[in-house]
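Put chain E on the given structure of chain Y with help from the hints.
So the protein sequences, as listed, match chains Y and E. Okay, so the first sequence: first residue is 1059 according to my numbering, each after it adds one. Okay, so the second sequence: first residue is 1059 according to my numbering, each after it adds one.
No false leads were mixed into what you were given.
Among chain E residues calculated to face chain Y with C-beta under 7 Å, some are:
{"id": "1", "residue": "Val1075"}
{"id": "2", "residue": "Phe1077"}
{"id": "3", "residue": "Ser1079"}
{"id": "4", "residue": "Val1081"}
{"id": "5", "residue": "Gly1085"}
{"id": "6", "residue": "Phe1086"}
{"id": "7", "residue": "Thr1089"}
{"id": "8", "residue": "Ala1091"}
{"id": "9", "residue": "Lys1123"}
{"id": "10", "residue": "Cys1125"}
{"id": "11", "residue": "Cys1129"}
{"id": "12", "residue": "Lys1131"}
{"id": "13", "residue": "Gly1136"}
{"id": "14", "residue": "Met1138"}
Label pairs and their computed distance ranges (CB to CB):
{"id": "15", "chain 1": "E", "residue 1": "Lys1165", "chain 2": "Y", "residue 2": "Thr1179", "range": "37 to 47 Å"}
{"id": "16", "chain 1": "Y", "residue 1": "Gly1167", "chain 2": "E", "residue 2": "Glu1192", "range": "19 to 29 Å"}
{"id": "17", "chain 1": "E", "residue 1": "Gly1111", "chain 2": "Y", "residue 2": "Ser1064", "range": "22 to 32 Å"}
{"id": "18", "chain 1": "E", "residue 1": "Gly1111", "chain 2": "Y", "residue 2": "Asp1158", "range": "49 to 59 Å"}
Honestly, the hints are just simulated from the structure, not real lab data. Given the structure is predicted, the values throughout are model-derived calculations rather than measurements. Where is the CB? At the ideal position from N, CA and C, for every residue including glycine.
The residues making up each chain are set out below.
There are 2 protein chains.
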Amino acid sequence: MKDAESTIGNLIDKQNVSFISSVDEEGFPNTKAMLTPVKRNGIKEIFWHTNAGSMRIKQFTNNAKACVYFCDKRFFRGIMLVGNMEIVKDKTIMQELWKDDYNIYYKDGVFGGDYTVIKFTATKGRYYSNFKSEDIVIE
Amino acid sequence: MKDAESTIGNLIDKQNVSFISSVDEEGFPNTKAMLTPVKRNGIKEIFWHTNAGSMRIKQFTNNAKACVYFCDKRFFRGIMLVGNMEIVKDKTIMQELWKDDYNIYYKDGVFGGDYTVIKFTATKGRYYSNFKSEDIVIE
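Just chain Y, with the same shape it has in the complex (with noise of 0.2 Å):
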């Protein structure tokens, strides 16, 4: 694929479901459905905001093996991207991606605790078209 970077961020833009994965203490991969990503690098970094007390923080924190996978029903496309999840200490980051309207969400603010930004660091791609894949290499 010619620009890889460019036509998946495009597609990730255009989705407003992103769906996590993680794997929990048996074994057995677990995923779940959120929001739209609030930052990303390319495709190589991508940030999302969740409740501390999330079983998805649990879960990462135990091991930090990912999956995030967005899908474009429209065209049938769809790209997974399997790497690591950490969840942010820097409060630089967590200032930079908090948003005043996040307080319906965490109503003790960007530092009260329950406000948790998890990054997503891809080392690999598979990208779905046309009931065909081919893997993209992440740089």
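This is chain E only, laid out in the frame that chain Y set:
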């Protein structure tokens, strides 16, 4: 939840995409969009067809641990089912689920080797609705 099988079954039937996750050789979750199931028995057993050579078939042969997710974006609801995926060898079931127009995907027909039926058996579930989640007992 009252009558989980009916509520979740209806959610499944109204979606046109299934998200299927496996665990790869290195222990990472891998997610892929597939079409809707071709059959389900309640929410305990769910069937799809796919190509024999697909990466998922290889992964589920090595490791049956699986997750299937159905997302109702309109009402921000979702159901995650966790369990095991097996490759169906029973020719009666393969024949039962075959439709003539599948020749588009599997040119050698129902027993040509490419058409493959996979069967998921759920052991537990988790239902997401209105930013809350609850465990579902699978019977």
